[in-house]
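Chains as they are written, first to last, in the numbering used here: chain A, 1 to 453; chain B, 1001 to 1416; chain C, 2001 to 2502.
Be aware that one or more of the hints could be misleading.
Some chain C residues close to chain B (C-beta under 10 Å, calculated; not the full set) [what the hints assert, rightly or not]:
1) Leu2121
2) Thr2170
3) Val2435
4) Leu2480
Since the hints were derived computationally from the structure, they do not count as laboratory data. Model, not experiment: these values are computed from the prediction. We put the CB at the ideal spot given by N, CA and C, even for glycine.
Here is how the chains run, residue by residue.
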Amino acid sequence: MKPGSSSSHPVDITKDPKEIPGSQIPYEKFLDCIHCGLCTAACPTYLETGNENDSPRGRIYLMRAVVDQRVELSDAVRGHLDLCLDCRSCETACPSGVQYGRLIEPFRVDIQKMDARQGKSSQQDWFHRWILYRLFPYPSRIRMTLVPARVMQTLRIDKLMNALKLTSLLPDKLKRMNDLLPRLKPAEPDLPEVLPAQGTQRARVAFFTGCVSEAMYSHVNRATVRVLQANGCEVVIPKTQACCGAIHYHSGADQAALEFALKNLAAFELDDIDAIIVNVAGCGAMLKDYGHIAEEIEGVSAEHKEQLKQLASKFKDVSEFLFELGPIAPQGEIPHSATYHDACHLVHAQKVQNQPRKLLELIPGLNLIPLNESTICCGAAGSYNLTQPEMADQLGKRKLKNILDTGAQIVISGNVGCTLQIDSKLRQSHQPLWVAHPMELLDLSYRGQKPAF
Amino acid sequence: MSPLSSGSQEEFVPASQTELSRFMTENAAVDHRQLFPVGGRTSLAVCCPASQTGIQLCTSQLNRVVDYPIRDLTITVEAGMRIDELIKIVSAEGQRLPLDVPQSNRATIGGVIATNINGPKRFSYGTIRDYVIGISAIDGMGNLFKSGGRVVKNVAGYDLGKMLVGSLGTLAVISQVSLNLRPKPQSMSMVWFQFDSCQTIDQALEAVVTSGTRPIAVEYCNAKAASQIAAEARLELPADHHTLCVCYEGPENEVRWQTDKIASEWNQFSPLHVQTVENEEATRLYDAFTEYQTSSDDPVTIKAILLPSQMMKFIETATQLNIAVQAHAADGIVFGHLPDSASSLDDVQQIFNQLKTTIDPKTGYLNIYQCESDWSDSLPLFCSPPAGWDLMKQFKNALDPEHLLNSQRFNELVEI
Amino acid sequence: MVDDTSQTINLSAPVLEKLEAGSRPFSLLIQKLTGIVGKTGILYNADELLVYECDGYIVDKSAPDIVVFPTTTEQVSATVKICNEFNVPFLARGAGTSLSGGCLPIGGGVMIVLTRMKQILELNLRDRYAIVEPGMVNLHLTNALKGTGYHYAPDPSSQGSCTIGGNIATNSGGPHTLKYGVTTNHVLGLEAVLPDGTIIELGGPTAEVPGYDLHGVYVGNEGTFGICTKAIVRLTRDPEAHRTMLAVFQTIGDATRAISEIIAEGIIPSALEMMDHGIIQAVEEAFHFGFPLDAGAVLLIEVDGLEVAMDAEVSKILELCNKNNVREIQRADTPEERMLIWKSRKQAFGAIGRLSPSYCTQDGVVPRTRLPEILEFIEQTSAKYGLRIVNVFHAGDGNVHPILLFDERDQGQIQLVLEASEEILEKCLELGGSVTGEHGIGVEKINFMSRIFNETDLATMEKVRNIFNPRQICSRDKVLPPHGSGNATKVTQTHPARRAPH
């Protein structure tokens, strides 16, 4: 082959644009990529495989080639795109401001829709139908589902099942979910709708509770609210709020996602509050993207687009908000060593990196040890853990090694997905580390209590 | 200009690079005489002197400054420029070539490149390979070629300058060179430490790796060498034991802070004596270190290239064999002047064999650096061949296919 | 062509011009290579080869026929031997960040991707060296050294993704070269697979080795001397302290004079990054840092060294800036303030992206004191062609990176960008400089080689290349222009690159 020529497939101009995924994405967004390659080593999957097809630059090249009809969306091409964690680490590395998320996400939605039209939708399989759509959006349902697990854990039947390898009889994905399941704490009583500020009131905020986190980590939500109160915030918790819709959006169900967004739009009184506080990075990234997503989903009214943009601008990660507010220094000593893991959806999607560290540095006695590759994904990535188990495991092990190398006693993570993944990897290797949310540590320190783990 | 007779060797002194090129082209086409490029003739004994007949190509007339854009900190000179002359020119502008060259009143810049001469400062400033930004040379067939340029950052084309560094005139005659310069520091001081044993020295050297100071040079000498170096510098310095001498440069307050700091850092190794040498005395002492490595009174000088962590083992044995040892200690470069008692070839070979036992041939080299010509045929130049030996032969064949350039020396290089 | 029965390599056989996918030699080659690297170590379907058709230089494209991912030196050597047996060209690729087409597989063939050879084999602080595999990302080595007090000094702007093997091939520089030197000053030795498959070692962990400095010759070969499989690199002591300043000048001339006077004072700053008024305006339009819009130059100055020396150096620098009509100066003494100052430099490229759909970053060098002249010339060129050209560059080394803004969908503009680039590079040569300070010749600037070097120079370089690569089977048609004219594989530029920040 001579330079200049390229191995392009003949362009079929008669092809319906709907059958070409990504054809609705503004072409300038592809052109933003100048092919410099500065993103490659920031990509967890590329770090593992070393294959340019598994890098952000490569994936953009592939998507653009599909749009240009230089290649078909073959199984191989699709495999490389599916392997993307959507961790957005590449966006942090990119000097040209390429919005990678705004390429891969709509592209994947298109693929899902094409699949649906061809009757091979992943939305049709039992796992997506029941677990992802019926269970995850609803904390009450997750909590109900977890009742037997709680009982089993209390009676130690789960350990027995593991010992007898009975869990291996479960379908693969359920087995993985079982592996991920943390040691559950008793569910907390429901939060009231308004909680007063301690001392002088400095702000009035709403709190986004999330679905998985409220079901499995309700104690983290309580800790977050207490920290906000301790910092002079009145906290309102609207009962009508809904799931952020991230899981749905990312598996191609954009209309379902839009419905959740509109529910949330109705639930929060924007004029009344300074911010809506989120303590789960994955939800926060989705919520802050409502404005962009509304632009991409078909059939959203101009009014809704504008309102969703305004709603999106109100969401703040709890660390981001407290740092801006000016945190009141906690006094209780926590004499432990800890290391902070950067959740992708905080550091890359929301650019929240220093704020949690600065807050944690305020805790007397807490020794923060830097974590190597702290910004590389742990492999959790939403439902990725269930859909790409092999890569998720590789990245989980990589993260585990880096964590153990620090010698820390506590791993701090600001995202429930990461917490599940890291905790699971730690348990599998019988490591007694505690995976904590930054707010749990701050809460303990404000209350003068010591962690028990 | 006609070649001058000089013993078995005639001399040709070209007035210009083109004249030299023309001469060499004609020689390759017609006469096929052996050619020996010489500069200041300070290193004729390095890697053993050539004893063949032929023509010496003397670069003494190729001594012009071609271009000195002062504020760019670069200079382009012909290869026969004497080092002291070069120092004078750039020094007047507050600049220097941060290399240590013994006998700088004779040595030329071309010779420094061909022999890769360096000294104590190499620890912080590197060697001549790090300062050549462009080079012109004439190969065995008389082709005048260049590579690089006159700017400090340039990646156009292959870096042929590197192959000429240390090539001992066996590939091409260097005719012109562009150099990167540095500003002169404001002041320099040295701290002279005496320690009781090689083990303590080794510990102190290990501590330098993470010292709070940034030494310019870390020199070692054993008692025998220390007394000669102190005498050469005309300084009253205790020289009964192993000496480490650390050098600092920069603004006075920075230098003083560092000399104090190293003294307190090394206090844990209980030095027998600590003395800071400053100002003009420091310069004298520094120059004595520079000159000592090649002081050629002794019949045989050896050079060992070792990993710093393995150096003291070698030095301990060498000291027991009554060799005067100086080392650029943080770089693992050791020079040893054999004692006068080593008066026969047998003696020398015996010493050599004992020294070899302390060297790991995979990560260390022991070379004859200078020796009397009548022994040169019988002494091995290298203990073991360096990496890339076969390729080196191919370089010779490519640039000097008729083996006209210093070929005896090249044979010594390749035939171990 | 291929002789199935014989293993002998005919060195005089011509290298294949084209490897037909699906042909018998192709299938055999895949079978043999799979035997070496395994099924997970090879790609040969067109849809997975596409991403390998170019690197950071996207003007010319040519996909390889096969990509392999070896994990050991022996696999590299075996692959190279098979390529010789089949007369198929091959070349190495690391992260593919070359800006001159260094990993463009001209004529297709086998691409040997080294990203799975990325281990640190040895870290030795006492003897100040590290041995790494070539696919190691530059920054990962420095990250691994954190806390030891040492780092790997060469830090090209792409250090977060480029590999050490690639750095060795191109002799990479970076913003700190003025004080710390470029890659060649930090490579002690290496292991390489020669283009005939032989494994050789050059140099070593010691400070020097006897004989010719062949590892020195090897660095900067742009992949044409073989495939580096191991690198022994020098480790550098971390500076104890940093000070960063941002100085706003009325003219480029004032800023350049200030630089010369700072250096003449004996202070070698660790970084000297300049932005001209064009880029200042762009950065202001995009980010509102608060630079005066009529300023001629903004100079980022960073010094490092011992804490005890810092204050005196800073006050001297301030004094010299004042002497040269500095308009205002901003100091950063804390790490946070330092980050903020660097942000304006690093975000400069994001700003350009907002101004123009496409841009082309050139790479030229002039003697530092000629900076005002080249920048004036660039301004004239900008006016002459009606193209917006802005400058952000390494001022300490005289390494300019004019950035030409255009719209790649407009054919007319493309031609103008090519002509303007060429004029600027010609001017760099006229001022005593070079057409590339750090991006390399590759395929992009191969036509300039005969303007920089005469026939004897090029012939000597070719002799040296032929020692390593006599068949031109390894990374063919790079660095040196082909002999004679009308060579079929000669690459002509038809389209300017849109290229990365440097």
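Can C:Leu2121 be said to touch chain B, with a Cβ gap under 10 Å? violated (14 Å)
Per-residue hint verdict: C:Leu2480, partner chain B, C-beta under 10 Å: holds (8 Å)
Hint check, C:Val2435 versus chain B [nearest Cβ-Cβ separation less than 10 Å]: This interface hint holds because 6 Å falls under the 10 Å limit.
For the hint on C:Thr2170, just tell me whether its beta-carbon gets within less than 10 Å of chain B. holds (7 Å)
Of the numbered hints given earlier, the model fails hint 1 alone.
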